[in-house]
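Chemist: Okay, here's what each chain looks like letter by letter:
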Amino acid sequence: MKIKHEILKTSRPKTRLVERKKRPAKARSDTWIFRLYVAGQTPKGVTAFNNLKEICEEQLKGKYQIHVIDLLKKPQIARDNQILAVPTLVRHSPLPVRKIIGDLSNRERVLVGLRLIEHSA
Amino acid sequence: MKKKEAQPRRHILPKSPTSIHGLDEITGGGLPKGRPTLVCGGAGCGKTLFAMEFLVRGATLYNEPGVFISFEETEKELTANVASLGFDLDALVERKKIWVEHIHVVRSEIEQSGEYDLEGLFIRIHHAVESIGAKRVVLDTIETLFSGLPNPQILRAELQRLLRWLKTKGVTTIITAERGEGSLTRQGMEEYVSDCVILLDHRVNEQSSIRRLRIVKYRGSTHGTNEYPFLIDEDGFSVLPVTSLGLNYFSSHERISTGIPRLDTMLSGKGYFRGSTVLVSGTAGTGKTSIAAQFVEAACKREERVLYFTFEESPSQLIRNMRSIGIDLEPWVKKGLLQFHATRPTLYGLETHLTTSIKLINKFAPNVVILDPINAFVMGENQTEVKTMLLRLVDFLKMKRVTAFFTSLSSADENMEITDVYISSLIDTWLLLRDIEIGGERNRGLYVLKSRGMAHSNQIREFRLTDHGIELLDVYVGADGVLTGSARLSQETKDEAEQLLRQQEILSKQFGLERKREAMEAQIVVLRSEFEAEESDALKVIGIEKARNERFTQDKVKMGKSRRGDVYIKPIGTKKKTINM
Numbered sequence: 001m002k003i004k005h006e007i008l009k010t011s012r013p014k015t016r017l018v019e020r021k022k023r024p025a026k027a028r029s030d031t032w033i034f035r036l037y038v039a040g041q042t043p044k045g046v047t048a049f050n051n052l053k054e055i056c057e058e059q060l061k062g063k064y065q066i067h068v069i070d071l072l073k074k075p076q077i078a079r080d081n082q083i084l085a086v087p088t089l090v091r092h093s094p095l096p097v098r099k100i101i102g103d104l105s106n107r108e109r110v111l112v113g114l115r116l117i118e119h120s121a
Numbered sequence: 001m002k003k004k005e006a007q008p009r010r011h012i013l014p015k016s017p018t019s020i021h022g023l024d025e026i027t028g029g030g031l032p033k034g035r036p037t038l039v040c041g042g043a044g045c046g047k048t049l050f051a052m053e054f055l056v057r058g059a060t061l062y063n064e065p066g067v068f069i070s071f072e073e074t075e076k077e078l079t080a081n082v083a084s085l086g087f088d089l090d091a092l093v094e095r096k097k098i099w100v101e102h103i104h105v106v107r108s109e110i111e112q113s114g115e116y117d118l119e120g121l122f123i124r125i126h127h128a129v130e131s132i133g134a135k136r137v138v139l140d141t142i143e144t145l146f147s148g149l150p151n152p153q154i155l156r157a158e159l160q161r162l163l164r165w166l167k168t169k170g171v172t173t174i175i176t177a178e179r180g181e182g183s184l185t186r187q188g189m190e191e192y193v194s195d196c197v198i199l200l201d202h203r204v205n206e207q208s209s210i211r212r213l214r215i216v217k218y219r220g221s222t223h224g225t226n227e228y229p230f231l232i233d234e235d236g237f238s239v240l241p242v243t244s245l246g247l248n249y250f251s252s253h254e255r256i257s258t259g260i261p262r263l264d265t266m267l268s269g270k271g272y273f274r275g276s277t278v279l280v281s282g283t284a285g286t287g288k289t290s291i292a293a294q295f296v297e298a299a300c301k302r303e304e305r306v307l308y309f310t311f312e313e314s315p316s317q318l319i320r321n322m323r324s325i326g327i328d329l330e331p332w333v334k335k336g337l338l339q340f341h342a343t344r345p346t347l348y349g350l351e352t353h354l355t356t357s358i359k360l361i362n363k364f365a366p367n368v369v370i371l372d373p374i375n376a377f378v379m380g381e382n383q384t385e386v387k388t389m390l391l392r393l394v395d396f397l398k399m400k401r402v403t404a405f406f407t408s409l410s411s412a413d414e415n416m417e418i419t420d421v422y423i424s425s426l427i428d429t430w431l432l433l434r435d436i437e438i439g440g441e442r443n444r445g446l447y448v449l450k451s452r453g454m455a456h457s458n459q460i461r462e463f464r465l466t467d468h469g470i471e472l473l474d475v476y477v478g479a480d481g482v483l484t485g486s487a488r489l490s491q492e493t494k495d496e497a498e499q500l501l502r503q504q505e506i507l508s509k510q511f512g513l514e515r516k517r518e519a520m521e522a523q524i525v526v527l528r529s530e531f532e533a534e535e536s537d538a539l540k541v542i543g544i545e546k547a548r549n550e551r552f553t554q555d556k557v558k559m560g561k562s563r564r565g566d567v568y569i570k571p572i573g574t575k576k577k578t579i580n581m
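Line by line, the protein sequences give chains A and B.
Read left to right, the first sequence gives residues 1 to 121 (our numbering).
Read left to right, the second sequence gives residues 1 to 581 (our numbering).
So, partial list: chain A residues that the calculated Cβ filter (under 8 Å) puts toward chain B: (1) K44; (2) L71; (3) Q76; (4) A85; (5) T88; (6) K99; (7) R109; (8) G113.
For the record, the hints were derived by calculation from the structure and aren't laboratory data.
Values in this document were obtained by computation on a predicted structure and should not be read as measured data.
Just so you know, even glycine gets a beta-carbon here, dropped at the ideal spot from N, CA and C.
One chain only, chain A, in its complex shape (with noise of 0.2 Å):
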């Protein structure tokens, strides 16, 4: 409970849970959806969510929303969105969709798998 705290509190001042109704206000054609699945207040779920803010901060820098969704919480998500793994990052915008599983602590390859650098040579 106390870990779950820090997220929201480390979240909320910027982008985090922008409200289901607004977001199709607000979001952009230029946005950057991505929703993180977690299970409960895990280590690696901090890690990935503080991972996954600071490479929004450096390279989408106001133009990203993140949704962390607890699977605890509301399991049937899981099946509905096909989640195996946690911590999975889903990038639902821009299309298409890309998963990236693990605690996104490997910084190349989540660029790489958001399609935010090209491949390395």
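Keeping the supplied structure of chain A fixed, place chain B upon it in accordance with the hints.
Modeler: Below, chain B alone, put in the same frame as chain A:
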């Protein structure tokens, strides 16, 4: 004493019944309850079906809801696939008896960065289990995870955690895995799932496929260790553990007629035992099927039910052919007492033959089962397999107290007793038909090679197919050996002539003797009459002498009287006495 002590200590592992035909028998009650079981095998060997049947049976028969986690097939595909086996998955899902969840893992869609765990999978399984109160869980096929997710080390650790977690949940789990080369599973899953490992196998032998199941390991429980053939058909999965039945079936003392009176006589007067196994073997055209047909007719006349498996002739051909020897089987078919089942042995594998036979037998409940011929199954080097199949069938039939009648074609150039040696031990009564070739013709001979439990005849009989059925005749056994057919007939006429001659001789001898006696008697008469004549002459002389003597005495007395003498004249006969006085 020992038994008493051992009894209370014996802890019986709780088991989760599968209700898969035969499997519960070889596992002693089912899969280990609350523990994971690994089912491994190659592609298309029936792993998914095995697991699905376990769930469906659990849900429908034991009120144990089940969760099916499918890594390969989607919910829709699964439902469609098992519908062909009569499982209505949709209805079960609707009634919350079964929860099907497809887990989609495609490697190309997933990028890895840093450490991860499978908590998502745990949550999904947990959610599914909680939603329907599941007692059984299936994970099919775990290998997909390895191909779909990066970093096998993490996966391995996570799977181990998953299995432990499932164990603590107390759900009975089946994990299916692909068979690997040189090991049971490709990913070494058997190292993690140590409670029960079942291996499914699907192999092709002589162009026919055989499915087999083997329990590699079952911790804390005894189990059948053999490879058991199994079948997947419209009724689902069935294992054939018939060999586990053993030899404890009931043996009947009832005797049933063979339909051939003289054959009954050869079998100590009463025919076969009910529930015994009869084999008729012989070379081509010796009349094996005819003996079978005769038996069928006799059984039908007793109002018994007969199931006739024919592997070479069609039923109509068989009926036509049997009509030519005066056996009409058609009325019995119409009456429903006789059922034919004609298949080519090559149509499907031995196991399928066995299971379809057993199913048909269960359905029709016959008193007599005919298999004509059994060696149609023997192709190449599969004699041992045929034997095990027949062994299982025989055990099954014996248990059901069904009389089994097999025919077997032996090849002419081999020793007939050896040809069928591979099934000999199964057979209770073995009739052997053989060709006897003498004098440019071929005749059939029949003898009882063995017949357990009865004093059977040791004689060879000539076996004839007439237009009113089968006839057994005595063969001619004489100085020239065994003769049959026209050789027997000619020998018999020859014998008759010889006998006539001998009889005449005897007659003439008797006649001569009679004459001699007559002659002797005539002589006796002559002698007697001579003697009588002599005797009467002698008597006459004696009489005369006597009379003369008397007269002489009388004369003397008279003379004395006339002389007045006082001299006593003693009669002649008393002279001596007088002197003595």
